[in-house]
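Could you slot chains B and C onto chain A? The hints should help.
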Amino acid sequence: MQNVNRLLLVGAMAMAHSLGGGAASADEANACIGNSGPVTGPAAFGGKAIRMGAELAVEDINAAGGVLGQELEFIQYDDAGAPPRGVDNVRRIGLADNCVAMIGGYHSTVALAQRDPIHEIGMPYVGTIAANTKVIENGRDPNFMFRVSAKDRWVTKFLVAEGIKRSENNAIGIMYENTGWGKGAYPDLQNALREQGLEEVGAETFNWEDTDMTPQLIRLRDAGAEVVIMWGLDREGNQILRSLQKIDWSPVVIGAWGFAGNLGELAGDLANCALIMQTYSWMGELEPKAQALYERMQDSFDIESQEEIRMGSGVANAYDAVHIIAKAIEHAGSFDRAEVYEALFEVEHEGLVTNYSPAFERTEERHDAILPEAYKLTAWYGGKLLPFEQTPCE
Amino acid sequence: MSSVVQYLLAGLGIGGIYALVALGFHIMWSSAKAVNFAHGDTLMLGAVLTIVFLDFGLPMSVAIALAIGVSVIFGVVLERVAIRPFAAQARSIGWMLTTIAIGIMLESYATISFGAFARPLPSPLAEKPVIILGAGVFPQELLIPLAAVAIVGLLYFFQRRTQLGRAMRAVAFNREAAGIVGINVTRIAMISFALASALGGLSGILVAPVIQASATMGLLLGIKGFAVAIIGGITSAPGVVIAGLLYGVIEKFVDGYISTAAREAVGFSIVILVLMIWPQGLFGRKEIVKV
Amino acid sequence: MMWLSRNLNWLFAVVAAVLILAMPDIAGNEYALRFYTLMLIYTILALGLNVLVGYTGLVSLGQAGLYAIGAYTAAILATRLGFGFVPCLILGMVFAGSFGILLAYPTVRVRGVYLAVVTIAFGIIVENIAIEWDSLTGSWVGISNVPKPTLLGLPLNHKMYFYIVGGCALAAFAVNVNIMNSRFGRAMLATSQSEIAAASLGINVTALRTLAFVLSAVTAGAAGVLYVFLNKYISPDIFSFSDSIRFLLMVILGGAGTTLGPVVGAGALSYLPELLQQFGEWQRFVYGALLAIVMFVLPRGIVGSAADILHRFFPAARRETDGDKRPLGEIVSIGPAGGEVCLEAKDLSLHFGGLAALNNVNAQLSSGEIHGLIGPNGAGKSTLLNAVSGIYRVNSGRVFFLGVDTTDMRSHQLARRGLARTFQNTELFQEMTVLDNVWAGFHSDYRTGLFGAILRLPSYRKEEEKHRRAALDLLNFVGLTDYAYEKAKSLPFGFQRKLEIARALAVRPKLLLLDEPAAGLTQSEIDDLRDLIIQLSDHGITIVVVEHHMELVMAISSQMTVLDYGEVIAKGTAAEVQEDPKVIEAYFGSPEMLAPPPEERLDDAEREP
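Protein chains in written order, with our numbering: chain A, 1211 to 1604; chain B, 886 to 1176; chain C, 149 to 757.
For reference, chain A alone in the conformation it holds in the complex (with noise of 0.2 Å):
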C-alpha cells in the first residue's frame, strides 16, 4: 500500500515536472516551511501567533548555521479561515514554492479540507493550533499528518474529568459553536462522558456574533445541568457569561481554549473562575528560555505585555513544530520529502511546550505530538488567565 502510494507521489510529482518546465524536482524539495493561517479577518491574531512562533524558531535555526547548510524560509499565506484557500494555499506550498514541509494553521475546518491535497502531494503537515481530532486521525496511510497542539479527543477527555470532579450529581450541559470546530467536538465530547458512564443532560449550539443564549442556557439549566463546558471563542464566550447573568444561574463554566483570548476583559468579573484548558502559559514568571523568547518577541512583533500575546499556546506550538521539522531534516540529510516524513519518527526534542520523547510515533494516535499530560488548566481571575493554581477558584 505504501509503495503504491509512493510510485502515485513519484507519478504525480513527473506529470508536475513534465507541465511545470522544471520547478519541481522529483526528490529534492526547497528548503522553505509553508504555512497556511489567517492573515486577515477576526481571527488574524491566530495568523499571527504562528507566525511569530515560526519565525522565531527559524532565526533561531538560522543563526546556528541552518538546516544541511542551507538558509531556512518560512513562507504564509493566508487563508482568512476558508478551506478552499487553505487547499490552494497547500498546493501553492507544495506545487509552486515546492516547500519541504508545511506548518498548519487556526482552523480547523481548513485543516480538515488539507489533508487531501497534502496527500496527494505527499508533503509532510505539521499542525500547529487547529485541534479537531480527525485532521490527525484520518485513516490514511502513510499519514503525512502531524501536529504538534492539542487534540480535542484529549481535550474533551481532559475537560470532562475536570467537569465531574465540581459536579455532584455528574450533570454536564455542553455549549458548542456552531462551526466545524465546535462541531467536530460534540462528538468527542460524548465519547468522552460515554468513557465515564455518563451522557450530557444537554447539548446546544450558538453562531458567531450571536448576542444573547438565554434560550440555550434557558434549557441546560431545566435539565439539570451543574457544569456547562463551553466550546467557542472569547466574545461568545462572554455573551454566555452575560446570559447566566441574566437567568440568575451559575454552574461550573469549563472551556476549550477559544477562550484564552480576552474573555476576561469583556466578562470582567464575570469570567472570574471560569476555567481553561491551553497547551502553554505565557502570563506570571516566565523560565529563562520563555523570557528570552518574550524579550525577541517585544523586539520583533510590536508585543508589549504579556497579555498582548495571543493565542499564546499556538506560538510555543509553532515553535517547537518548526524546530522539529528542522531536526527531522537533518536527520533525513535532505529535502527529500519521503525522507523527511520518515525521519519525523526519529526526532526527539527539548521543546517550549514539553519534551518531546520522541515527538512521534507510528500509531495513529501518536502522530500528535503533546500529549495530554502536558495540558495545562488555567483559570480567569481578575482579568487574566493564570495558571489554575495561583487561583482562588475551586
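Bear in mind the hints are in silico, worked out from the structure with no lab data behind them.
Honestly, I wouldn't trust all of these hints.
Here are some, though not all, of the chain A residues that point toward chain B, as calculated from beta-carbon distances under 10 Å [stated by the list, open to error]:
| id | residue |
| --- | --- |
| 1 | D1420 |
| 2 | T1424 |
| 3 | P1425 |
| 4 | D1458 |
| 5 | R1520 |
Note that this is a predicted model, so its numbers are computed, not measured.
Here a beta-carbon is modelled for each residue, glycine too, at the ideal position from N, C-alpha and C.
The following block gives chains B and C in isolation, referenced to the frame of chain A:
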C-alpha cells in the same frame, strides 16, 4: 412562562438594534434614494472610537461626543465621494459598490489598528440584569428599543416643526419638485447622511455594552438592518422600527422553539415572503410610475 | 475601426482559444494551471451574471447561492451516487436553472433595491442550509473526496480538464455575444432602461427577466460544477455574501453590459488575491481601496470606459447607408383597423387614494380618425392613456380595443394587438443606438427563438437582416438616417420625439397614442410633426393626440374629447368643442383658477399608500 418573557425581552433588545440600523437607512434613503450599504460599519466606528478615546483617558461624555463627531464627518465625506457621483445613475449598483468598498476599507483598518478581538464598552446599565416576570434583562437592552421608538418621535417632530425638517420631507416626497421650489436638494442629502451617521455612531455606542465593540460587528448588523428596513418599508420611519422589533423577537422565538441553526434561513425566508406580498415593504409608500 | 469593433469579439475569441491551447505549456507548474482553470470558471460565472446585471439591469447580490447549488449538486451526486462528470454538469445546470426561475418570480412585483434584498436573502438562505443540513452537505467541514473527472470513461488529467473548462468558457462567451447581438439582447437592454417603454413595444418584460435569471443561474450552476471537479472539495465558506459581491464586482469592474467586460473582470479579480498576498494583513484594505478607485475612475468598468474613450476619438462612423426611401406601407404592413369602432372606454374610473383621477369616463374612437384629447393640467389625460394602454389598472369600467375586451390585458399584450404609444417625457432607451431603439420595436415580430439566435441559424440571420432593414427604413421615413449609430440620449430633443414615433411604428400600430408630442418642440419642428401625423393617418393608423398646443391639435383633429377633473366635459369636432361654455370655463376664467393647480393635488394623491 418566564422563558416566553425571556425570549420576548431578548428579542426586543436585538430587534431594537436592527431598528436603529434600519432608521439610519431610512433617513439616507428618504433624501438621496441611496444609502451607505455599509451603514453597519458606522455603528462600528462609533463604538470602536469611543473605546479608543477612553483608552486615551478622556472622560466618557467627551469620548462619546468625539466619536459621534467623527461619525458625522465620515457620513458627510462618504456622501460626497461615494454617493453623490453615482446618485444620478438609474441603477443602484454604483453607490452600492462604492459604499461596500469603503466599508471593507474601514473594517479592515479597524481590524488592524483596533485588533480582531471584541472589547467591552462599560455602561452602568449593562452590569446587573433586572428581573421582569422571572426573565432577566439588562436595562441597556430595554433602552435600545425605547431609543429607537423615541428617535422616530423626534424625527416626526423635527420633520414637521422645523424648516430643515420640512425641507427634508419635501425632498423625500419629490426631489424634482423640491428642487423647483428652491430647496437645495444636494445640501439636504448631505445633511441627511450626516444625521444618519450621527445616529449610526450613537447606535453603535448604545449597543456596544450589549454586543461588544469589534471591527467586524458591523457586517451582519448592516445586512440585517437593511433587510429589516426594506421589509418595513424604507420610506416609513415607524415602519422600519416595527419591522426591526418584530424581526428580533421572531429570531429569538425561532432560537427558543425551533433551533438556533434554523434562524437565518427562517428569518430571510420571511424577508422574501413579505416582499412577494408587499413589494414596497409592510409600511412602505407605493411609488406610482408616472409616464 | 468599425470592422474592428464589430469583429472584436470574434478576434478576441480566436486569441483566447490559442492562449488556452498554449497555456498548459506556459504555466510553470500544476498550481499555476489550476489557477488558470479557476480563472476560466469565474469567467463563465461572470459572463452569465452579465446577462442579468449588464443587459437586463437587475442587481443580484446572491449569485454565490446559485454557484453553491451547482457545486453541491455535483459534489453530492458524485460522492454519494457515483455520477460522472457530464451527468453532474447537466444536472447541476438544470438544478441551478430551476432556482433561477424561482428567483425570477419575485421580479414580477419586486423592483430595484427591494429586489437586491431578495437576492441577498436567497444567498444567505442557501449558505445557511449548506451549513445546517449536515447529513447532506457535511456542514462546515464540507464535502471532500470528490472523484477525478472522467469523460467517456477516460480520466481527465489537469491539462485535459483545463481544456474542457476552456471550451466551456469559450462556448459561454459565444453564447453571450450571440444573445447580446440578437433581439433578446436588445430587448433586455431596452427593459433595463425603460420597462414601460419596452412593454409598450410588445416585449414581455417578465418573461425576459425570467430568461435572464435562468441564463445567469445555469452558468453559475455550471461554474459550480466545474469548480467541484477542479478543487475536489467544497465547503460553505466560498459561498458567502462577500463572494456574491466579488462576483458582481467581476462584472462591474470589467464593464457591465459589454461582452468583454466580464472576461476582463473575472481575470482581474481572480489574479488580485495572488497579488495582494504581499500586503499581509493590509490586503483586504488594499482590496477595498482598489475597488473604490476603480468605481471612481472607471465607473463603467475597464472595458466600458475604454470603449467610451475609443468612441470619443473615433466617433461612430456610418456603417453603410441608410435605409431606402420607401413609403411607410412597404416598410411595415399597416392595414386600417377593421370595424367601425377602434377603441371604446366604458365607465372608466380610477382612484389614487381618495382622489378620482378618472371618473366614469366614456369615450369612443372611430377607426381612421385623428382624435384630440385635451384638458387643463391634471385633468387626467395621461392617466386615461395609461389606463387604456395597460399601464394602470382601472378600478371599474371596461376598455374595448378592436371589439375585444382588453381591460385586464397588460401593456405588452395590447402592443401585440396593435396599440402603440409615445410618452409625455419621452421614454427612449437612452444608452442604445437610435437604430437599436427602433430595432427593439420589432421584438415580438420574430419567429425564431432563443436557440435560433444562439446558434445563429440561417432563418434567424434572415429575419434579423429583414428587421434591421425595416428599422433603417423607418429611420429614413422620419428623417433620422444620419443618426442611426448615435446613442439615443445624444439626439436633440425634437429628434428624440421623432425617434419615439418611429419606434412606435415598428409595432405596426393600428392605434397610436401620442402623449404631448409637441411639448418642447420649436415651431418648425411642430410643423414637421403635423405633417408626420397626417401622413400616418393617411396610412390608416388611428391616432389619439394629447396636446396642450391648441393650434396643432385643433388643426389635425377630426374629433375631440375634453377632460377636466377626470370627467369628460365635452365631445365633438374642434369647432364644437371650442364653442362649448364648459370648456371655456375649464380653461379660462373660473373661480377655481384660484384653487391650487390640480396637478399638485394629483401628485399628492398618487403618493398615498
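Status of the hints after comparison with the structure:
no., hint, result
1, D1420, "holds (8 Å)"
2, T1424, "holds (5 Å)"
3, P1425, "holds (4 Å)"
4, D1458, "holds (6 Å)"
5, R1520, "holds (7 Å)"
No hint from the list above goes unmet by this structure.
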